[in-house]
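Protein chains in written order, with the working numbering: chain F, 48 to 161; chain A, -3 to 108.
Hints are computed from structural coordinates only; laboratory data are not their basis.
Every value quoted in this text rests on a predicted model; they were computed, and no experiment measured them.
Ideal Cβ placement from N, Cα and C applies to all residues, glycine included.
A few of these clues could be false.
Some but not every residue of chain A turned toward chain F, in silico, with C-beta under 8 Å [unchecked claim]:
# : residue
1 : 14
2 : 39
3 : 44
4 : 86
5 : 93
6 : 100
7 : 101
Residue strings, one per chain:
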Amino acid sequence: DQQVKQNSPSLSVQEGRISILNCDYTNSMFDYFLWYKKYPAEGPTFLISISSIKDKNEDGRFTVFLNKSAKHLSLHIVPSQPGDSAVYFCAASDSGGGADGLTFGKGTHLIIQP
Amino acid sequence: DAGITQSPRHKVTETGTPVTLRCHQTENHRYMYWYRQDPGHGLRLIHYSYGVKDTDKGEVSDGYSVSRSKTEDFLLTLESATSSQTSVYFCAIRDRANTEAFFGQGTRLTVV
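Same shape as in the complex, but just chain F (with noise of 0.2 Å):
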């Protein structure tokens, strides 16, 4: 049973626009959430991450929205660059549950095209 989701496999941007990924979330007791990035025969490398008691979190050209009562997330890159071609990886943790580690969604694929 799947608690992160990432329903998109992939995505095709073209360079410039914005980028939007998605996430959903069935465990109600996470309550940290986390974007990692990972390049082909790399580990994944972490990018942005948002406590649920926010609803926002920039990064430069990284921002992370929470919706706690649609248990959604999403990631926006703007503007979208052609190294920002990857894989994304949602994930998220129960702070209650100490050394649990990360939960992850399957992640999605984001071709950014010039």
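Knowing the structure of chain F, use the given hints to seat chain A on it.
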């Protein structure tokens, strides 16, 4: 970059043989994790550790064991490798809850 090293980076082994993957960190982080990445499944947690000699099972722990005798090292052992364990394995470290985890470069394991 976080100081986390996985070894080996690539390994081919035969069905039924034991295999040990090593994760070494220099960050003194308390929590360490082993994940596997497979097409169509994303990253799934195998085992994790919350301190020396303190470990627990994750979502896909069958066929795997772990040990953590020192803060800096977390070993993942496949007691008798099977073809279904062909995967890319990632180690991750984390300082505390509600922070990001840092990942190693991964180990590509092929069981033939």
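We went through each hint and held it up to the structure:
1. Annotation: interface hint on residue 14 of chain A violated; nearest CB of chain F at approximately 25 Å, more than 8 Å.
2. Taking 8 Å as the C-beta cut-off, the interface hint given for residue 39 of chain A holds, the closest approach to chain F being about 4 Å.
3. Satisfaction of the interface hint for residue 44 of chain A is found here, the shortest Cβ-Cβ separation to chain F being roughly 5 Å, below the 8 Å cut-off.
4. The interface hint given for residue 86 of chain A is met, as the beta carbon of that residue sits about 6 Å from the closest beta carbon of chain F, less than 8 Å.
5. Below 8 Å, beta-carbon pairs count as interface contacts, and residue 93 of chain A has one with chain F at about 4 Å; its hint therefore holds.
6. For residue 100 of chain A, the shortest C-beta to C-beta distance to chain F is roughly 5 Å, which falls under 8 Å, so the interface hint holds.
7. Annotation: residue 101 of chain A was flagged as interfacial toward chain F, and the flag holds, the nearest CB pair being 5 Å apart, inside 8 Å.
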